[in-house]
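S.K.: Here's the letter readout for the chains.
Protein chains: 2
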Amino acid sequence: MVSSERSVSDLFHLYASAVRNRDAGALMSLYHGTVRVFDAWGVWSYEGGPAWRKVVEQWFESLGDETLVVRFDDSQVVSGEELASATAIVTYAAMTAEGAPLRSMQNRLTWLLARENGAWKIVHEHTSAPIGFDDMKAILERK
Amino acid sequence: MVSSERSVSDLFHLYASAVRNRDAGALMSLYHGTVRVFDAWGVWSYEGGPAWRKVVEQWFESLGDETLVVRFDDSQVVSGEELASATAIVTYAAMTAEGAPLRSMQNRLTWLLARENGAWKIVHEHTSAPIGFDDMKAILERK
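Heads up: the sequence lines are chains A and B, in that order.
Start counting the first sequence at 1; every next residue gets the next number (the working numbering).
Start counting the second sequence at 1; every next residue gets the next number (the working numbering).
Chain A on its own, in the form it takes in the complex:
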């Protein structure tokens, strides 16, 4: 295994920055064109960059004037020469344009990364929340 943790960790910052700026182009530049996304919400799988870009654009449009602050906790990075992986607990905290907190939500995140022209690209993303045993509802906060 090669120690390239720093460059994978850069992705966390680039992802958070793109979401904060609601910049779909910057966010999509982190993904490989063939990305497979298992998103937490509603749909089993998105196959390929164009399908995922539509979701990202709708997500950013839905935010209106809100700012979304993304934080990654308990991250683990595993790196090889050609492939790497990152896992973490992600917190999405929505704030008003004035910076007042509105609400927040957490997900488990898995990224599979492949090296393309020297940069790590996300070839697979899996986000989810655990399912409550009693009511089958998503648990969106880690206590």
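Note that these hints are calculated values from the structure, not bench results.
On a predicted model such as this, the values are computed, not experimentally measured, just so you know.
Just so it is clear, CB atoms sit at the ideal spot from N, CA and C, and this is done for glycine as well.
A portion of the hints provided could be inaccurate.
[Unchecked claim] For lysine to aspartate or glutamate, the following DMTMM-like pairs were computed, each having C-alpha atoms within a straight-line distance of at most 25 Å:
#, chain 1, residue 1, chain 2, residue 2
1, B, K54, A, D135
2, B, K121, A, E82
3, A, K121, B, E66
4, A, K143, B, E82
5, B, K137, A, E81
6, A, K54, B, D74
7, B, K121, A, E81
8, B, K143, A, E81
9, B, K137, A, E47
10, B, K54, A, D74
11, A, K54, B, E47
12, A, K54, B, D134
13, A, K137, B, E47
[Unchecked claim] Chain A regions said to be covered by chain B (calculated; three or more residues, Cβ under 8 Å):
#, segment
14, 34-46
15, 109-115
Knowing the structure of chain A, use the given hints to seat chain B on it.
M.R.: Here is chain B on its own, set in the frame of chain A:
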């Protein structure tokens, strides 16, 4: 990238066989000792083989006389020298000891695999179901 798809695909068969036989030892032999599991149900994360083994043992005990048939659909494998990944839609179909169908459930599955002494071991597993937008409930069947 190295073409080692066959050996990764073997894991699908070994996993299904271990679950069908309710053989916790055989199933746990597929996991690396440091595995991080983001399981679909109830708990955000299991860290390490011993924590995950407890869940597996409880799962198999809960089955009683039922047989669980596991099927992987739409699988994608990405392989490097040291790391590989597999993603798929998994169907868990419970049957009576006589082979009559009882119920079934689907999950999205992500495996991150690392090579250990020539064999692929699961260093990270992430299973989930998408969350319904309206009722926040897990969608456990892909239509």
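S.K.: All the hints need checking, so say for each whether the structure fits it.
M.R.: Outcome of the hint check:
The suggested pairing of K54/B with D135/A holds, with an alpha-carbon distance near 23 Å, which does not exceed 25 Å. The straight-line distance between the Cα atoms of K121/B and E82/A is roughly 18 Å, inside the 25 Å bound, and the hint therefore holds. In summary, the hint linking K121/A to E66/B is not supported, as the alpha carbons are separated by about 43 Å, beyond the 25 Å threshold. Annotation: proposed proximity of K143/A to E82/B is violated, straight-line Cα distance about 35 Å (limit 25 Å).
Note on K137/B and E81/A: the hinted pairing is violated, with a Cα-Cα distance of about 39 Å set against a maximum of 25 Å. The suggested pairing of K54/A with D74/B holds, with an alpha-carbon distance near 22 Å, which does not exceed 25 Å. Among the hinted pairs, K121/B with E81/A is consistent with the structure: their alpha-carbon atoms are about 18 Å apart, no more than 25 Å. Distance restraint check for K143/B and E81/A: the Cα-Cα separation of roughly 38 Å exceeds the 25 Å cut-off, and the hinted pair is therefore not satisfied.
Under the criterion of a C-alpha separation no larger than 25 Å, the hint pairing K137/B with E47/A is consistent with the structure, at around 23 Å. A C-alpha spacing of about 22 Å is found between K54/B and D74/A, which places the hinted pair at or below 25 Å, so the restraint holds. For the suggested pair K54/A and E47/B, the alpha carbons sit about 35 Å apart, so the restraint of at most 25 Å is broken. A threshold of 25 Å between alpha carbons decides the hint, and for K54/A with D134/B the separation of about 20 Å falls inside it, so the pair holds.
Distance restraint check for K137/A and E47/B: the Cα-Cα separation of roughly 23 Å lies within the 25 Å cut-off, and the hinted pair is therefore satisfied. Counting residues of the segment 34-46 of chain A whose C-beta sits closer than 8 Å to any C-beta of chain B gives 9, which meets the bar of three, so the coverage hint holds. Coverage of a stretch by a chain is defined here by at least three residues with a beta carbon nearer than 8 Å to that chain's beta carbons; for the segment 109-115 of chain A and chain B the count is 3, and the condition holds.
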